[in-house]
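Whenever a hint applies, use it, and build me the whole structure from the sequences.
Protein sequences, first through last, are from chains A and B.
Heads up: the first sequence begins at 1486 in our numbering, then just goes up one per residue.
Heads up: the second sequence begins at 246 in our numbering, then just goes up one per residue.
One thing to keep in mind: the hints can contain errors.
[Claimed, not checked] Computed Cβ-Cβ distance ranges for the label pairs, DEER-style:
(1) A:Lys1503 x B:Ser257: 42 to 48 Å
(2) A:Leu1558 x B:Glu250: 33 to 39 Å
(3) A:Ala1565 x B:Leu285: 27 to 33 Å
(4) A:Arg1596 x B:Lys302: 29 to 35 Å
[To be verified] Cut-off 16 Å, straight-line C-alpha distance, at most; resulting in silico cross-link-like pairs (EDC-like, lysine to aspartate or glutamate):
(5) A:Lys1504 x A:Asp1570
(6) A:Lys1526 x B:Asp262
(7) B:Lys287 x A:Glu1488
(8) B:Lys346 x A:Glu1529
(9) B:Lys358 x B:Asp262
(10) A:Lys1523 x B:Glu284
(11) A:Lys1538 x A:Glu1552
(12) A:Lys1504 x A:Glu1552
Everything labelled a hint here was simulated from the structure, so no lab data went into it.
Ideal placement from N, C-alpha and C gives every residue a C-beta, glycine not left out.
Listed below are the residues making up each chain.
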Amino acid sequence: DTEVTQTPKHLVMGMTNKKSLKCEQHMGHRAMYWYKQKAKKPPELMFVYSYEKLSINESVPSRFSPECPNSSLLNLHLHALQPEDSALYLCASRLRTSGMSDTQYFGPGTRLTVL
Amino acid sequence: GENVEQHPSTLSVQEGDSAVIKCTYSDSASNYFPWYKQELGKRPQLIIDIRSNVGEKKDQRIAVTLNKTAKHFSLHITETQPEDSAVYFCAASQGGSYGNKLVFGAGTILRVKS
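Pasting the structure below:
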């Protein structure tokens, strides 16, 4: 398996809802990432997990809560979001967590709409 | 921290012509420079990358050049085709940094007219 998968593809939620996004990879990658992408803008880093531990939080509001239950799975729990949080949420993974840089592979993303 | 500037923001070319997109970076410690192509509604996909110990890399119609002294790198697409139409993002990162952050340029919308 040479792919990062994400579910769901689309999600519509109200501001009081709680929902979760899921990301999976079976490439043995040990670094996993969450990005937020607005239309026609570059991906914006939110969180980095290295060996299942949170290593970078780019000052993301607490209404976004990441979780890495195991080396293949990454979740993003959503609660009390705002309409401006509507975006494409991308997951990515990378083989190594440090040392020589190598490719980050992106998942297809979850298109989130907050009403 | 690292800052990446990308130009132009939009680029229209005739099918068969060449396209060049340029990026500059600020942190001399950056040593890995990937280029991603993103079609509408799809994921960013790596098309080519270059490390700082190399000045140029080519893959069929796509090439990337790196000038470490001037801190800029460029994407060259030759014989453009309509399917090359997409948004292209350059990025820079420092190997060895914990978590390996990619810092992206603002993106270039490439339109190839047939």
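Results for each hint:
1. At about 45 Å, the CB distance of Lys1503 of chain A to Ser257 of chain B agrees with the hint of 42 to 48 Å.
2. Taking the beta carbon of each, Leu1558 of chain A and Glu250 of chain B are about 36 Å apart, inside 33 to 39 Å as hinted.
3. Judged by the Cβ atoms, the range 27 to 33 Å given for Ala1565 of chain A and Leu285 of chain B holds: they are separated by roughly 30 Å.
4. The hinted range of 29 to 35 Å is satisfied by Arg1596 of chain A and Lys302 of chain B, whose Cβ atoms lie roughly 33 Å apart.
5. Proximity of Lys1504 of chain A to Asp1570 of chain A is assessed by CA-CA distance (about 13 Å); at most 16 Å being required, the pair is judged to hold.
6. With a CA separation close to 26 Å, the supplied pair Lys1526 of chain A and Asp262 of chain B exceeds the 16 Å bound.
7. A distance of roughly 14 Å separates the Cα atoms of Lys287 of chain B and Glu1488 of chain A; the hinted pair therefore holds under the 16 Å criterion.
8. This hinted pair checks out: Lys346 of chain B and Glu1529 of chain A have alpha carbons roughly 10 Å apart, not beyond 16 Å.
9. Pair hint Lys358 of chain B plus Asp262 of chain B holds up; C-alpha atoms about 10 Å apart against a cutoff of 16 Å.
10. Among the hinted pairs, Lys1523 of chain A with Glu284 of chain B is consistent with the structure: their alpha-carbon atoms are about 14 Å apart, no more than 16 Å.
11. Note on Lys1538 of chain A and Glu1552 of chain A: the hinted pairing holds, with a Cα-Cα distance of about 9 Å set against a maximum of 16 Å.
12. Proposed proximity of Lys1504 of chain A and Glu1552 of chain A is supported: the alpha carbons are some 13 Å apart, at most 16 Å.
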